[in-house]
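Which chain is which? The protein sequence lines are W and U, in order.
Each residue of the first sequence is one higher than the last, beginning at 658 in the numbering used here.
Each residue of the second sequence is one higher than the last, beginning at 658 in the numbering used here.
Don't read these hints as lab results, they were simulated from the structure.
A hint or two may mislead.
As the list claims (entries may be wrong) - Pairwise CB distance ranges, derived in the manner of DEER restraints:
#1 I852(W) / K1006(U): 36 to 44 Å
#2 I806(U) / N1174(W): 51 to 59 Å
#3 K1313(U) / G1314(W): 24 to 32 Å
As the list claims (entries may be wrong) - Which chain W residues stay away from chain U? Per the calculated CB distances, all over 10 Å, these:
#4 K684
#5 K702
#6 V725
#7 P732
Backbone N, C-alpha and C fix where the C-beta goes; we use that ideal spot for every residue, glycine too.
Protein chains: 2
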Amino acid sequence: MDAVPYLAFVSALAGLGLAAFFYQDVKKASPGNDRMIFLMEEIQKGAKAFLKQEYTWVSGFAVVLAVVIGAVIDPLASLSYILGAVLSAGAGYAGMTVATMANARTTEAAKDGPGKALPIAFRGGAVMGFSVAGLALGGLMLVYILFVIVLESANAFEIVTAYGLGASTIALFSRVGGGIYTKAADVGADLVGKIEAGIPEDDPRNPATIADNVGDNVGDVAGMGADLFESYAGSIIAPISLVAFAIGLGADDIGTNALPLLMFPMLVAFIGMIASIIGSFLVKGGTSTDSKALSKALHLGTNVAMGLTVLGVIGGSLWLFGDSDAFANPIGLAISVIGGLIVGWALGKTAEYYTSDHFGPVKKIAQQAETGPATTVLGGISAGMVSVAASVILILIGVGVAFWGGEYAFADTGELSEIGGLYGIAVAAIGMLATTGVVVSVDAYGPIADNAGGIAEMAELDPSVREVTDALDSLGNTTAAVAKGFAVGSAALTALALFKSFEFAIKEASNGETVLNLNIGEVDVFIGLFLGAGLPFLFAALTIDAVGRAAQEMIEEVRRQFREIPGLREGKEGVIPDSARCVAISTTASLKEMVIPGALAVVVPLVVGFINVDALGGLLAGSLVTGFALAIFMANAGGAWDNAKKYIEAGAHGGKGSEPHKAAVVGDTVGDPFKDTSGPAMNILLKVMTIVSLVFASAFV
Amino acid sequence: MDAVPYLAFVSALAGLGLAAFFYQDVKKASPGNDRMIFLMEEIQKGAKAFLKQEYTWVSGFAVVLAVVIGAVIDPLASLSYILGAVLSAGAGYAGMTVATMANARTTEAAKDGPGKALPIAFRGGAVMGFSVAGLALGGLMLVYILFVIVLESANAFEIVTAYGLGASTIALFSRVGGGIYTKAADVGADLVGKIEAGIPEDDPRNPATIADNVGDNVGDVAGMGADLFESYAGSIIAPISLVAFAIGLGADDIGTNALPLLMFPMLVAFIGMIASIIGSFLVKGGTSTDSKALSKALHLGTNVAMGLTVLGVIGGSLWLFGDSDAFANPIGLAISVIGGLIVGWALGKTAEYYTSDHFGPVKKIAQQAETGPATTVLGGISAGMVSVAASVILILIGVGVAFWGGEYAFADTGELSEIGGLYGIAVAAIGMLATTGVVVSVDAYGPIADNAGGIAEMAELDPSVREVTDALDSLGNTTAAVAKGFAVGSAALTALALFKSFEFAIKEASNGETVLNLNIGEVDVFIGLFLGAGLPFLFAALTIDAVGRAAQEMIEEVRRQFREIPGLREGKEGVIPDSARCVAISTTASLKEMVIPGALAVVVPLVVGFINVDALGGLLAGSLVTGFALAIFMANAGGAWDNAKKYIEAGAHGGKGSEPHKAAVVGDTVGDPFKDTSGPAMNILLKVMTIVSLVFASAFV
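Pulled out of the complex, with its shape left as it was, chain W reads as follows:
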């Protein structure tokens, strides 16, 4: 049993090895002609420039926080914090480097049909997927082995938690900054290009096209990767810290009951990693160009990985807990994990139901576009809001099953008996994220396919190539929904578990003197709850406004170039737009705009916590429930508008250029910051706030 952290560490290395293998595999494919290589390099340059500046800025913030952590908590915790941040940044950088190499190669391979192009795009995404999973798990295991097992540090579990905070910091700024970047570029490119200048999407004459393609990478690859890095690491940390803080555990006194509970999360991660590696080898192109066959090929890896994980978790829990009388029903924790996995999948399916044009809600919005933009907007808002209710009920089923599984498993576990159900909830979140490697691979596949289409367009290749990349791209839309379901579901469960750890940590830090009073009937808790409910609204408003301002700058620059560069609009031979300037504008604007919303997430809980910890408890709970609802609302409303527009573009209700299409474009534009900026960043906001509170718990009392 003691070997589990080492096993998990080795599996993480195996994941990284796979990433390296896929990297070589992608690299040896041809990137196409000179024009394609030029475009690829432009995108790569823009993306790297953004990441470099972003990380520079964030590192300033991270250093400040690291110093505070070192001074207030433990210098070793600040090391662990920095490691979490650096590895998350590294995963983002590595994944994006490969994604921006794989795009042109996918385009080139698309000349030979989707069977060739699909594996390249997938493997390009898989470098991201396994970099994220491998580095997140590897780093965490390193911290665990070093500080808990080898050094038996006094604040071992605070140090482990600090790793999660490092990951959260990067995730928050990557999601916010990346989200602002991608939407500013997208809106700028579309509004002036498609609407004012009347040129098609991804046209090489449009100065913002490169920035738009860079945006796909910094938002959907690097931002999403950092998000999943944080979610994945956080989900493993949450049950470990719950056990540790519940019984005031030091690294030197882990008892027989606590040990398997500490090992189980790592065991599940190990099983999921191995299953993901196996699954990812099964994604092969085949010869069919049929969209169902392609979709099946792409999802085979995920489905196999999940199936293997379920089997592995059943075996693993029997092995870990089967010998101990303290755990009456070892299968209970497997039920929690599998329950989490199923609910995460169901959340993804719910998101798909509300956002895919195969189902009623999106068709209804497209129908509402017949009566203009206002009804389109209202339709999306309503669909998003209904999806909140559906998702809340699913989450609560997940919470209920996981809680029951935990209670069922625990019997005579001494002091630990009281946390059985909560432990079940915490490991349910790992159930959702155990297969992060392959899930992120599929998710990162999306922007690569999207970019490949952009390159095909800009390099003015044969339209048949674009058809192939479009077919690949359309697969990406539904895969993103599943990953989002896992991310948002696990965020709720992880935050709930961390919240409970926070409660224990306060008690422990004050030697049992300060017992957190979280009774909602108390006025300070209620004030916190109210404040917590208001915060996600403020955060959403700030990020929406940020996108608006950044997009405005972009619009003005694109207009200026069309006005001032002779022959650009007409597409005169040899006249090229100043793309670099658009990239620079997006970069500067998004970095400037991410500061306030990002800082809010860290500063507010600290300020409230130092004033009143009970109010902080209320604040965290209020933000969690309202933020979760708002995140689902924004993500699904945005997705629904996007696909209603695409549904009309595919020919429904008059098709492209019709009045309903114009109305749908309005809905889509409203949804852009919803689904790609505010919505995804909201999950991380919630977790950053909780984990900041947890790390600083001892300082509050």
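On the provided structure of chain W, position chain U as indicated by the hints.
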């Protein structure tokens, strides 16, 4: 001190006398020419037909609930419940009858300028204002005197609370049904009339114009009146029930410390009523047509009433609590009440800041209309969300001050000592609502002035008349913001106090055995909290969809009439539209659509409460904080869009017919169900849920 309930009762009768006096005053004014009388009668007929059908339907629901209350709680409580419902309905009916008489009379008086028209519109509104305040307070005092003082009933305080539930039931359905009605008619009239047929607002050719004007009355007069009736009664009940449930008080054992606490809310209501009566006499027309002078004239009544209330409350609290050693600092409770009044006023001002075109946010939205409907929609959403954060902070200041005032006042009050702060919060809500009589008068003035303009247009009077009514109408916009601030602020405070009473009631009903565990760290409370956060989103979606469906029916009917009635569109002499049919459509559709959202508010807490009371506690808290945020967001975003459109119509950014104007119309249409249906109904949803839980508390355990 024992005389207070009687004094309050007499002051309520005085309020009703004033309403009767103003009724005579309005009635004797001339309603104008035959055409105007015809239009007035059409609007009156439509409004009465709607109310009749609405009350018929709601009475079915109320009878069922009354039977349940009688069987489960106390037959006398069901009597009190019915009284609350009947009086609320009566106030709505009376107020609307006069409002629909005052409209044409205001138009007629407008021929002689605003100095003549203003008092008629105000006094028409004042019939509503004092009917609401007089009946709400009079009925409540009757219940209190009868069951607490005279009969000393066993369940006296449950019976008093049931009165509030009766008022809530009517308010919920009036707000939802009226909100759906008014927006369906408005959207239907605008979309086909203004946009498709290209005819101006309130044009007599438009078949939906009468329905639109009826809608103003059923939504903004009857709906708003029922809302304030419920808020006002609820705010007086909340501190009384808090005291009663906190110490498990029966009517026969009111001690010396409890007595002044029971009397104080009624004393504040008495003071506010007298102050409102005095204030309302001060609203006089004058001769100036300047908008500032008019605004000053209209608001003089409210300002004087508030000033008098402040003075009266200081004197009253010194008188009530000054003699008792148990209350160390009698002034403390005056501070709570005055704090509530100031915060309510500040909430109104905040709403005004975010929704009036005199300030930055609306101007910014108008600016964003330059780049199309999408940026307009995003601008409004963002402004609404920021206003949530501002309002939350204000409410929390109010809660803090009121809590401190309560704690400061209470010293040696025995068992009651623990509720000092909460009692302060409860009476702060009365501070916001003590001047309901005059506040509602000013609020009901708005739709009367609006209707007067409609009649001027439809009766094809001289444009100068319309100019006068427009000037009067524009005053109404800001007055509505203040009333909304009071309504929403008091809802939060009242719900918080009722929530606490619920906690005590559970304890009392189980003889202290079941102590509500409201610790957010417990999983059942957390599940409730989550569910509670999701519910307002579902409620908003249902009401938005309801408006959409009802508007669709209206649109089709208006189109049909333009198509099938020869000469209608061209305005041929003697050709009139079938307005009655549009009225019938709005009526049927809105009544059908109000059932599900309305029932949700009553059924969900009952179901959850019978399963698990701790989860119900979480549910109430979650709904309260999220619903409050959503209500503010929707109300202010909607108001901001509305006024951004009006700002552009007044000439900014190209004025009427320009592209920015079209974009602003989209924003306004999105905002219509936000501000007039979902937003205002949300407050009542929260209170209905809390009060249902409180009334049924004894049945849950």
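Hint-by-hint comparison with the structure:
Range check, I852(W) to K1006(U): about 39 Å between beta-carbon atoms, so the 36 to 44 Å window is met. Between I806(U) and N1174(W) the beta carbon distance is about 38 Å. The supplied range of 51 to 59 Å is therefore violated. In this structure, K1313(U) and G1314(W) meet the distance hint of 24 to 32 Å, their C-beta atoms being roughly 27 Å apart. For K684(W), the condition that its CB be more than 10 Å from all CB atoms of chain U holds, with the nearest at approximately 41 Å.
No Cβ of chain U comes within 10 Å of the Cβ of K702(W); the nearest lies about 30 Å off, and the non-interface call holds. For V725(W), the condition that its CB be more than 10 Å from all CB atoms of chain U holds, with the nearest at approximately 26 Å. For P732(W), the non-interface assignment is confirmed: its Cβ lies about 31 Å from the closest Cβ of chain U, beyond the 10 Å cut-off.
Of the numbered hints listed earlier, the single one contradicted by the structure is hint 2.
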